[in-house]
Amino acid sequence: MKRAVLLITFFAILGISITGLYWSQRRIKSSPPSANAILNMAADAQRDLTRVPMHFTRLSDEQEISIGRELAAGYSTQARKLSPREENLEIYVRSIGGTVAAHAHRHLVYTFHLIPDQNMINAFSLPGGPVFIGEGMLDLMETEDELASILAHEVEHIDHYHCVERVQIEAKLKNLNLDIAGQLMQIPLDLWQAGYHKDEELEADREGVRLAVEAGYSPFGAVTMFTRLAKLHQEYIIHAQSPEEELSELAIQSLTGYFRSHPPPSERLDQINRLIAAEHWEDRTAQKPIPTEYKVRGD
Amino acid sequence: MALCAFVRTLLINYNLTGHYGPLSLRLITVSIVAAGLYAISRKAGEPGPPYALPLAYLRTTAATSLLALLMWHESSTGWLAALWALFAFALAAVDRRFKMEDLRWQAHGLAALALVRSVGVNLYVAETWHNVSVRLLSLSTVAVIFYAMSRLIRMPDQWRARDFHHIYSWSASLLVSLLLWHELQPLSVAVGWAVFGLVLFEYGLLRKVSQFRCQSFLALTAAFTRIFFVNLTAGEPGEFWGPRLYTILPLVLIFFFVFAQIPDKEENTARTPRFRFDILLAYLGTATVVALFYFQFAQDWVVASYAVVVFILFGVAWALQRQVFLYQGILLTLGTFARGMAHNLFGAGYFGEGGWRGRYFVVGSAIAILLATLFFAFSMRGRYAASLGASRGQKALAALAARPEQLQFFVPIIFLTTMLALKMREGMVTVSWGIEGVLIILLALAVKERSFRLTGLGMLLLCVVKVLAMDAWRLETRDRYITFIIVGAALMAVSSLYIRFRENIRQYL
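In order, the protein sequences belong to chains A and B. Under the numbering used here, think of the first position of the first sequence as 1, with each following residue one higher. Under the numbering used here, think of the first position of the second sequence as 1001, with each following residue one higher.
Okay, chain B solo, but in the shape it has when bound (with noise of 0.2 angstroms):
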C-alpha cells in the first residue's frame, strides 16, 4: 500500500493545481503521504523480521524525497537550495534527538543537493526579495545552516575524530566566499575574503578547531592571490591615498595580526607538521607589503622603499626574537641588491637625466639604509642556527642569518662601488673608490670587524692597481693630479690609521 501511495503521487498528484484554502492541494496531499511514510516506517522499525529495517529506511527515504521534489514544485528558484538546508538540518536535528541512522544519511544527501544547487544555480540568481538580492540571502542562509550542520550532524566517532563533520563547514566556507567574489565589487573582494578569513581564524582560535583555522588561510592566500588580479593596478596615476592604499593595507594588518596570534610552537600546529601556517603568513604579509611598494612609488624609488622595510624587518627581528623576520630581512636585503643593480644601475637611462638625485639620490638612499641594518645585524650575530633536517636552501639562508652583518655590509658595499663605477664620471672613480676604502676602514675600526678592514684595504689596493694600469696614461691631466693626490692621500690616512691602532688592530686579527 505504501509503494502504491508513493507511486501514486510520483505520477499523479505532483501535477494537481487546485487549491484548499491558501494551501495547494499538492502541498497536502504529498505531505499527507510523507507524513503517513514516516510514521509507518518506525513500525516496521520494531524488532521483527530482518528485513524490517531496511525496509522502514526505505519508507523514509521514499518520504524525504517526496518532501524534497515538493520543495522543488513549490517553491522559486532561489529559494531552493536554502530549503534543502533548512530540510536537512530539520532531520539532523531529529536524528540526533531520536538517534535514526537513516535521516541522518538523507540529511547527507539533501545537504549535497542544496550545496550543487547553490554553486550551479544560486550563485547566478538576479531577483530581489524586499529589495535585498535572493542570492545573498538563500547563500546566507545555506551557509549558516552548513556551519550549524558540522557541529550538529551525527557521525561515528572514528569519522569525528578525523573531522569529517567539517566537510560542513568547509562547504559553508566556500560559499561564503563564492558570494563575497559575487556579490562584492571587483577591488573590494580581496579585502572581504582577508576579513572572513580572520573572522574565521578568530573564531577557530576561540572554539580550539583546527579546522576552521586551516579555512582561515585558505581565505587569506586567496586574498593576497586576489590583489594581483586587481587591488595592485587600481586607482589613478599620481594618486598616493587610492583605492591600492586602502583595500591591500588591511591585508598587511591581518596577516600580521593572524600571525601574532600563533605561537611559535603549539598544539594545533603538531597536525600540520610539515607545514608551518605561521611563517606562510608572516612571509604573506612580507609580500604584501613588497608587492605594494612595488606599485606604490615610482619605479626607481622602490629600491629605496624595499631598503626600508629590510631596516623594518631586522628591527622586527631583533625586538621579537623572531627568525622569520631576519629570513626575511636577508632574502629581501637580496632582492633589494637585486632590483637596485638591474634597473636602477644597468637599467638606468642613458643619458643621466635628473642631475644628482637622478645619479645618487635614490640608490645612495638605499645604500645608507641598509647600512643602518648593521646595528641590528651585529645583535643578532649568531644567534640563530641551522635546524637538523633542514634543506639545502634553508640551510644556505641559516649561514647568511648566523652572520648577518657580513651580508648587510657587502650588499651596499658592492652596491656602492658598482654606483660609483657606472656614475661617476670617468676621472673620479678612482677618486670616490679611494674615499669610500677609507670609509670602510674607519667603520671597519669602529665595529672591530676583521673581513670589513681587509675589504678597505682591498679597496685601496684596487685603486693603486687602476692608477698605474689605466687613470695614469688615460685620464685629463687636471684628474690625474686630483687621482694621484686624493688616492696618496687615502693611503697615508690608512697608513697613520693604523700605526695609531695597531694594538686594537691586533686584538682582533
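So that you can see chain A by itself, here it is in the shape it has in the complex (with noise of 0.2 angstroms):
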C-alpha cells in the first residue's frame, strides 16, 4: 500500500515537473541569467537595516535645505554657463517643476535646474530641494505631462526623505561630519545619478504621478516616458547564448550590479498602470505637447 502510495506520488511530481518543463521550454518570452536575484536581496537587506537607525537621527527641514544647498553649489561650477536658449528651457522646467511641487507634503524650497548636456539621460535630485535634469532627458520628450511625471518623481525622492537618507548613509560610511562646511563636496555627483533603491524608486514613482496628477497632468505621462525608457533598457540587455556566457555575465553583473538593483522599467510601468487602475485615472489620457520653442531636438 505504502509503495503503491509512493509510486503513485513519484509519476504525479514527474508529471507536475515534466509540465513545467515543458512550458518553461516552449514560453517564447526569454529570462535571461542575473545575479538580480540576489543582487535585490542583498539591497532590500541594506536599505531595511539603514532605515531602522534612520527614524532616531532624522536631520532638521532646515538642516537638509542647508546641505542641498551646499551640494548644489559644489555641484554647479563643474556645469558650463547656460546659452540663452537653454536659460529659457530652463525657466520652462522650472514653471512645469514649481506646479508639481507645490503639492508635495513637505513644504521645501525645491529649485529646478537645466544640465546642459544632450547626452545626458538622467534627472536627480537633492537633499533640500534642488533637482536637475539633463538636456539629454528632456530630448526624449515629446509632452509637458512627461516632463511634470519625470520632476513629480524626483521631488518625491525629497519629499519622501530618500536624498536625506542617503546622505546620512555616505556621512556615516566616509565618516564625514555634516556640520562642517566643504566635507560634503566629498559625495561625488555619480551618488546622485545612480537611483535608488528599488523600493525607493517604486514610491517616488507612485507618489509622483500622485503629484503629477494633483497638479493637473495626465498619470499617461509617466506611461509613455517609461515605455520610451523600457526600449532603450531592452536594448542593452545582453542575451547569453551557452553556460559560458550566463557565467561571465553573470560575473561582471555581480561587480558592476550591486548598487544598480532598479526595478526594471517593466515592473515601474506595471506598477503606475495598476495605479491607473485603481485610482479609475483612465479617462485622463489627454497631454499637452511641449510647446515648439523648448523642444531640445528643434536645433
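Treat each hint with caution, since some may be false.
Claimed, not checked - Dumping the calculated DSSO-like pairs for lysine-lysine here, alpha-carbon to alpha-carbon at most 30 angstroms:
#, chain 1, residue 1, chain 2, residue 2
1, B, 1466, A, 2
2, B, 1395, B, 1423
3, B, 1395, B, 1466
4, A, 198, A, 29
5, B, 1448, B, 1466
6, A, 174, A, 198
7, A, 174, A, 29
8, B, 1099, A, 198
9, B, 1466, A, 172
To be verified - DEER-style ranges, computed between Cβ atoms:
#, chain 1, residue 1, chain 2, residue 2, range
10, A, 49, B, 1301, 56 to 64 angstroms
11, A, 105, B, 1499, 44 to 52 angstroms
12, A, 8, B, 1072, 46 to 54 angstroms
13, B, 1499, A, 12, 54 to 62 angstroms
14, A, 121, B, 1237, 35 to 43 angstroms
15, B, 1426, A, 76, 38 to 46 angstroms
16, B, 1351, A, 8, 33 to 41 angstroms
Hint data in this document are derived by calculation from the structure and do not stem from the laboratory. Positions of the beta carbon are idealized from the N, C-alpha and C atoms, including for glycine.
Make one complex out of these two single chains by using the hints.
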C-alpha cells in the first residue's frame, strides 16, 4: 500500500515537473540569467537595515535645506554657463516643476535646474529641494505631462527623505561631519545619478504620479515616458547564448550591479498602470505637447 | 616484426586515401594490424620468460592505441567521444569475460579520453543528425555507457568497497547535468536538474546505491542554487501564474518528496555521519518556498506570507513529529520578525500611504497568524531536547524548541506593540497598549501561562508610567481624557479578573 502511494506520488511529481519543463521550454519570451535576485535581496536587506536607525537620527528640514544648497552650489561649479536658449528652457522646467512641487507633503524650497548636456539622459535630486534634469532627458520627451512626471518623481525622492537618508548613510560610511562646511563635497555627483533602491524608486514613481495628477497633469505622461525608457533598457540587455556566456555575464553583473538594483522599467510601468486603474484615472489621457520653442531636437 | 608493423601503420597507413569497396584502405589495414597485435599478445601471455607478460600488455596497448587513433581519423567531430566510450565499454566487457587486466586499464584510459573529449569538444558541437542535435545524441550515449561501465568494470575488491567504480557514474551524471544546461532554455535548467536528481535518488534507493543518492543531492542543490540566477526573477510584473511559479513549485515538491523517503535513522546515512542529507533537503525545500514568496508577493505582503509558512511548519512539525520543521518554524519566526520590523514598520513610507490597510492590515495579519501557531507550540512544549555534542547554535535553537510557545508569544507581541507605537496616532498609543495589555492577560488566563500574564501586567504598568510621565503633559485635551478613561478602565478590568480568578492564578504562579 505504502509502495503504491509512493509510486503514484512519484509519477504525479514527475508529471508536474515535466509539465513545468514543457511550459518553460515553450515560453517565447526569454528569461536571461542574471544575479538580480541575489542583488535585489542584498539591496533590500541593506536598505531595511539602514532605514531603522534613520528613524532615530532624523535631520531637521533646515539642516536638510542647507545641505542641499551646499551640494548644489558645489556641483554647479562643474557645469558650463547656460546659453540664452538653455536659460529659456530652464525657466520652462522651473515653471512645470514649481507646479508639481506645490503639492508635495513637505514644504521645502524646491528649485529646478537644467544640465546643458544632450548626452545626459537622467534627472536627479538633492536633499532639501534642488532638482536637476539633463538636456538629453528632455530630448526624449514629447509632452509636458511626461516632463511633469519626471520632475514629480524627483521631488518625491526629496519629499520622502530618500535624498537626505542617502547623505546620512554616506556621511556615516565616509566619517563626514555634516556641520563642517566643505566636507559634503566628498560625496561624488555620481552617487545622486546612480538612482535609489528599488523600493524607493517605486515609491517615488507612485507618489510622483499622484503629485503630477494633483497638479493637473495626465498620469499617462509617466506611462509614455516609461514605455520609451523600457525600449531603451531592452536594447542594453545582453542575451547569453551558452552557459559560459551566462557565467561571464553573471560575474560582470555581480561586480557592477550591486548598487544598480533599480526595478526594471516593465515593473515600474506595471505599478503605474495599476495605480491608474485603482484611482480611476483612465479617462485622463489628454497630454499637452511641449511647445516647439522648448524642443531640444529643434536645434 | 610487431613493432615494425606498428610504426609503419603510424607513419604510413593513417595517410592512405584509397578505398576497397565502401571501406577505406586506412580502416581495413589499421584494423588488420590491430587485430594481429591483439592475437599475438595472448600467445606471449602464455607462461614463459618474465618479460612475456609486459610485452603482451604492450601489444594490446599498441593495438588499442591504433584503433583509438583510427576512430579519430574515421569519425566526424561529434561522434568520436561516443566511439571511444563504446570501445572502452567493449574492452571492459572482454576483460570481465576473459579476465584480461591490461584491457581494463586501457578501458580506463579510453573512458578518460572520452570524458575529456565530451566536456572539451562535444558540448560545443552544433551539428545535427536527422534534425536531432549531435551533442544530445553523442553525450547521452557516453553517459549511458559510463553508467553501464560503473557496474561492468572490474576492480580490486578493496577499490570497489570504497566505491572507486562510481567514478564512472559521477562522470556520467556530470555529463547529463552539463548536457541539460546546454540543451534546455535557461529557465528550464533548474527543473531539469531537479528531475534528474529525483530520478537518480529513486534509482539509488531502489538499488541501494548510496553514490547515486549523493549525486542526486548534488543535482538538487545545484537546482536550488540555479533558481537564484534565473527563475526567481522570471516572468512579467503582475503575472501570478507565471514561469516563476511553474518552474519553482516542482522543485519544492521534489525536495520534500525526496526528504520524506529518507528515514529519520537509516543505514546509508551512517556512511556520512557528519552530514545529514535529509536535513539539508528539508531546509532546501523550505528555503525555496521562502525565496519564492519573497519574489512572488508584493514587498509589503512578504511578511504575512512568511507567517503562513511558519504556521504550516509548526503544523507539520506537530503532525509528523519531525523536529527539523519545528527548528525551521522557529528560525522563520525570527526571520518574519526581522523582516516585519525592518521593512514593514521602520522601512515603511513616512506619510502613511495605503490607509488602514497599509497601516495595520498586513502586519496585523502576520501577527494574528503567528499567534495562531501557539496552538501547535503548546502541544510541542518539552517534546524536543538538545542532543549531546550539539554546537552552541544548536543548543540555543534547542532551548527555543524546548519552549516554543514562549517565542511564538513574545515575537508577535513585540511586533504588535511596536506597530502600535509607530503607526497609531500619538494620542492613541497608550490607549491601544492598554487594550493590548488586557487582551494579553485574558490570553494568559485562558492558557494558564505565567510569563504571558506578567507580560500583560508589564504592559499595563508601562501605560501607567507613560500616562504619568508623558501623556498627562503632552497630549491634547480630548486624547488625554480618552487615555485616562481607557487606561483606568483597563486597570479596573484586570483587577476584577484577578479577584475572580484568584484561585486559578495561585495554582500556576
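> If you check each hint against the structure, which ones fail?
Replying inline: Numbers 1, 2, 3, 7, 8, 9, 10, 14 and 16 - these are the hints that the structure violates, sorted from lowest upward.
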